[in-house]
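*Asks:* Top to bottom, those sequences are chains H and E.
Just so we're aligned, residue 50 is where the first sequence starts under the numbering used here, counting upward by one.
Just so we're aligned, residue 50 is where the second sequence starts under the numbering used here, counting upward by one.
One or more of the hints may lead you astray.
[Unchecked claim] Distance ranges between label pairs, derived from CB positions:
1. Arg219(H) x Lys61(E): 32 to 40 Å
2. Asp263(H) x Pro345(E): 13 to 21 Å
3. Lys386(H) x Gln358(E): 43 to 51 Å
4. Tyr169(H) x Ala353(E): 43 to 51 Å
5. Ser151(E) x Pro378(H): 48 to 56 Å
6. Thr146(H) x Gln365(E): 49 to 57 Å
7. Ala353(E) x Gln361(H): 44 to 52 Å
8. Pro378(H) x Arg329(E): 40 to 48 Å
9. Ser229(E) x Lys141(H): 33 to 41 Å
10. Ser229(E) x Ser301(H): 36 to 44 Å
11. Thr344(E) x Ser301(H): 44 to 52 Å
12. Ser301(H) x Glu82(E): 41 to 49 Å
[As the list claims (entries may be wrong)] Among the chain H residues that face chain E by a calculated CB cut under 7 Å, a handful are:
13. Tyr169
14. Lys214
15. Lys215
16. Tyr218
17. Arg219
18. Ser255
19. Ser258
20. Tyr284
21. Glu302
22. Ile317
23. Asp337
24. Thr339
25. Lys347
26. Gly375
27. Leu377
28. Asp381
If you are wondering where the hints come from, they were derived from the structure by calculation, not from laboratory data.
Just so you know, even glycine gets a beta-carbon here, dropped at the ideal spot from N, CA and C.
Protein chains: 2
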Amino acid sequence: MLKNDLFLRALKRQPCSRTPIWVMRQAGRYLPEYRAIREKTDFLTLCKTPELAMEVTIQPVELMGVDAAIIFSDILVVNEAMGMDVEIIETKGIKLTPPIRSQADINRLIIPEVQDKLGYVLDAIRLTKKVLDNRVPLIGFSGAAWTLFTYAVEGGGSKNYAFAKKMMYREPKMAHMLLSKISAVISEYVCAQVEAGADAIQIFDSWASALSEDDYREFALPYIKENVQAVKAKYPDVPVIVFSKDCNTILSEIADTGCDAVGLGWGIDIKKARTILGDRVCLQGNMDPTVLYGTPEKIKAEAAKVLRQFGQHTAQSGHVFNLGHGILPDVDPANLKLLVEFVKEESAKYH
Amino acid sequence: MLKNDLFLRALKRQPCSRTPIWVMRQAGRYLPEYRAIREKTDFLTLCKTPELAMEVTIQPVELMGVDAAIIFSDILVVNEAMGMDVEIIETKGIKLTPPIRSQADINRLIIPEVQDKLGYVLDAIRLTKKVLDNRVPLIGFSGAAWTLFTYAVEGGGSKNYAFAKKMMYREPKMAHMLLSKISAVISEYVCAQVEAGADAIQIFDSWASALSEDDYREFALPYIKENVQAVKAKYPDVPVIVFSKDCNTILSEIADTGCDAVGLGWGIDIKKARTILGDRVCLQGNMDPTVLYGTPEKIKAEAAKVLRQFGQHTAQSGHVFNLGHGILPDVDPANLKLLVEFVKEESAKYH
């Protein structure tokens with residue numbers, strides 16, 4: 050049914066003619082076409098207006114030729130749906146009020162009806178699927194519980210996660226109660242996204258690397274596993290990608306959540322990751338996003354290196370080319386276009 | 050000659066009766082005694098006034114009972130000595146002017162006479178050694194070339210290192226020219242610190258984890274090796290610690306610089322690091338600094354875990370207990386004191 054299903058085939062580790070590519074934050078500020086829409090509307094309104102969210106979701110498919118679309122939204126819509134007031138000033142910072150720091154604060158958070166409180170995301174997915182007309186798959190996503198927990202407890206972004214860690218270390222039961230509550234919403238939310246038409250799900254654990262291995266095992270991984278298993282129980286054919294950025298020492302345990310793909314930051318050579326994980330999951334990544342500041346020759350050389358480091362494909366292997374984190378707002382779109390075209394061409398030799 | 054030489058013995062992997070402990074930023078804002086001095090003087094003036102630098106350097110030795118002192122200073126004194134204007138507002142941010150972005154900018158930077166431009170650090174070391182009166186060893190330090198390069202090129206702190214990476218990817222020769230110039234000063238500077246009395250040297254590569262493995266191999270490691278070898282050539286008995294925070298995938302290559310100890314962030318279980326490195330270097334680290342926000346029981350449990358994870362000592366092993374990064378300014382000093390006392394007592398069972 051999909052005209053280009055390479056992305057899903059790679060996630061399922063089925064034979065592909067070449068490596069598919071999409072990039073995190075591909076619907077974003079680096080595109081003048083995105084900025085034109087943002088001039089007329091603020092960030093959260095854009096997330097909440099399905100027609101506009103659909104439009105910016107499809108922009109990189111049409112303008113850049115990526116092999117997958119990802120629904121335009123923000124991980125913090127989950128916090129908002131649970132009853133927090135969320136302010137996002139895209140260039141400046143994030144504020145959530147009130148910060149969640151006591152049992153009473155946790156009790157006040159609701160477990161919302163996803164169809165009700167996050168219906169606008171589901172509407173945007175349905176509309177995008179329709180307009181995409183099966184050109185490429187559509188990715189749904191959520192932040193992971195630990196990352197959303199840090200925003201809730203800190204009341205915004207954070208350097209050292211002081212309040213989040215204080216709760217974990219002084220009131221671990223309370224921390225788990227909040228994490229469980231968030232995780233329950235995430236599970237419902239990602240399943241509802243699949244129901245609305247999302248072809249794959251990515252769980253973003255952006256602040257994963259702030260935790261020690263054991264803290265990650267206690268406060269992050271079990272919830273990710275819960276979310277992955279929630280999707281798998283209802284939709285066994287829908288691939289799930291877990292992106293626990295820079296958790297390079299516990300890749301194997303991330304794969305053990307039952308996900309189909311492990312997303313990598315650029316801190317590890319993808320060859321090493323493949324050596325550790327074998328071909329039991331697909332790997333997604335992992336070029337340094339700042340390489341897109343480089344010359345065309347440098348961009349091609351670095352992309353070629355990622356493909357070469359991943360190496361030859363087998364009947365069980367899967368690789369989705371991506372950056373190791375989001376594309377930066379001041380990148381020249383021509384450089385992304387060049388990357389996409391180069392990866393499409395160059396990767397064929399490894400398949 | 051030293052009354053307590055455990056820190057140096059651990060770095061040299063000689064038998065110790067227990068594990069020595071110091072913590073990064075131990076002379077700092079969490080101590081009311083430090084804040085009392087800072088109320089009367091700004092940060093850089095404190096660095097440049099040997100009597101005051103000596104006083105805050107010794108505070109944690111007397112108040113906390115740590116097994117080593119580290120000279121109070123800042124990594125950016127090297128940038129300043131090379132001709133940049135450096136402003137440090139401890140709670141707000143760092144500004145270096147002008148940012149170094151062209152060949153002409155690089156040419157204008159000087160390779161200073163360390164005795165002249167950084168004489169105040171050497172004076173502070175001499176004075177501190179005298180007043181310490183051999184109670185514990187004194188650590189000298191420098192930022193690594195890559196980290197100082199990012200400050201120079203960005204003109205301050207940075208989130209994505211856009212300008213630094215642009216130079217690396219578009220003008221790699223120019224980047225290497227700047228890195229070489231900085232590295233030459235670092236080598237002179239750390240040797241001068243030893244000459245003035247420093248008993249060990251630590252190289253801080255604070256922003257190490259912003260680089261891919263290959264970029265780290267090209268733009269960071271060779272300069273660290275140059276600095277380590279500069280010390281070793283002149284002072285073979287003086288231990289050098291390399292702290293390339295969160296470079297957990299290339300620990301073995303860090304050890305190959307010829308350093309005596311590898312500093313670890315808290316992102317890797319120290320047992321894994323020891324498995325990778327064997328006992329060919331001492332390991333320094335690696336408790337999450339935010340554990341000091343925890344209850345006394347939690348602090349002891351986590352410290353005990355680091356010691357247990359490191360495991361039993363052999364005739365060739367070395368472990369210096371430390372946090373995985375600097376102690377945070379809002380930590381209760383009583384919690385550090387508790388940690389120091391606990392590590393001293395608990396660690397004996399592993400020796």
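*Asks:* All hints are to be evaluated individually against the structure, with a verdict given for each.
*Replies:* Now the hints, each set against the structure:
The hint said 32 to 40 Å for the Cβ distance between Arg219(H) and Lys61(E), and at roughly 39 Å that hint holds. At about 19 Å, the CB distance of Asp263(H) to Pro345(E) agrees with the hint of 13 to 21 Å. Take Lys386(H) and Gln358(E): their Cβ atoms lie about 48 Å apart, and the range 43 to 51 Å holds. Taking 43 to 51 Å as the suggested C-beta distance range, the pair Tyr169(H) and Ala353(E) conforms, at roughly 49 Å.
Separation of Ser151(E) from Pro378(H) is about 24 Å and departs from the stated range, judged on CB atoms against 48 to 56 Å. Between Thr146(H) and Gln365(E) the Cβ separation comes to about 55 Å, which falls inside the hinted range of 49 to 57 Å. Against the hinted window of 44 to 52 Å, the Cβ-Cβ separation of Ala353(E) and Gln361(H) comes to about 47 Å, which satisfies the hint. The hint said 40 to 48 Å for the Cβ distance between Pro378(H) and Arg329(E), and at roughly 44 Å that hint holds.
Between Ser229(E) and Lys141(H) the Cβ separation comes to about 37 Å, which falls inside the hinted range of 33 to 41 Å. With their beta carbons about 40 Å apart, Ser229(E) and Ser301(H) fall inside the hinted range of 36 to 44 Å. For the pair Thr344(E) and Ser301(H), the beta carbons lie near 32 Å from each other, so the given range of 44 to 52 Å is not met. The hinted window of 41 to 49 Å between Ser301(H) and Glu82(E) holds, with their beta carbons roughly 46 Å apart.
Violation of the interface hint for Tyr169(H) is found here, the shortest Cβ-Cβ separation to chain E being roughly 30 Å, above the 7 Å cut-off. Nearest Cβ of chain E to the Cβ of Lys214(H): about 4 Å, under the 7 Å cut. The hint holds. Hint on Lys215(H) holds. Least Cβ distance to chain E is approximately 5 Å, under the 7 Å limit. Using the Cβ-Cβ criterion of 7 Å, the hint placing Tyr218(H) at the interface with chain E is satisfied: the shortest such distance is roughly 3 Å.
Checking Arg219(H) against chain E: minimum C-beta separation of about 6 Å stays under 7 Å; hint holds. Taken as an interface hint, Ser255(H) does not check out: its beta carbon lies about 13 Å from the nearest beta carbon of chain E, beyond 7 Å. Given hint, Ser258(H) at the interface with chain E, holds; its Cβ is 6 Å from that chain's nearest Cβ, closer than 7 Å. Interface restraint check: Tyr284(H) against chain E, minimum CB-CB distance 33 Å, threshold 7 Å, status violated.
With its C-beta approaching chain E no nearer than about 12 Å, Glu302(H) sits outside the 7 Å limit, and its interface hint is violated. Checking Ile317(H) against chain E: minimum C-beta separation of about 5 Å stays under 7 Å; hint holds. This hint holds: Asp337(H) has a C-beta 5 Å from the nearest C-beta of chain E, less than the 7 Å allowed. With its C-beta approaching chain E no nearer than about 4 Å, Thr339(H) sits inside the 7 Å limit, and its interface hint holds.
Taking 7 Å as the C-beta cut-off, the interface hint given for Lys347(H) holds, the closest approach to chain E being about 5 Å. Interface restraint check for Gly375(H): the shortest CB-CB distance to chain E comes to about 10 Å, outside 7 Å, so the restraint is violated. Taking 7 Å as the C-beta contact cut-off toward chain E, the hint placing Leu377(H) at the interface holds, the least distance being around 6 Å. Hint status for Asp381(H) relative to chain E: violated, with the closest Cβ pair at about 12 Å, above 7 Å.
Violated hints, listed in ascending order, are 5, 11, 13, 18, 20, 21, 26, 28; each of the other numbered hints is respected by the structure.
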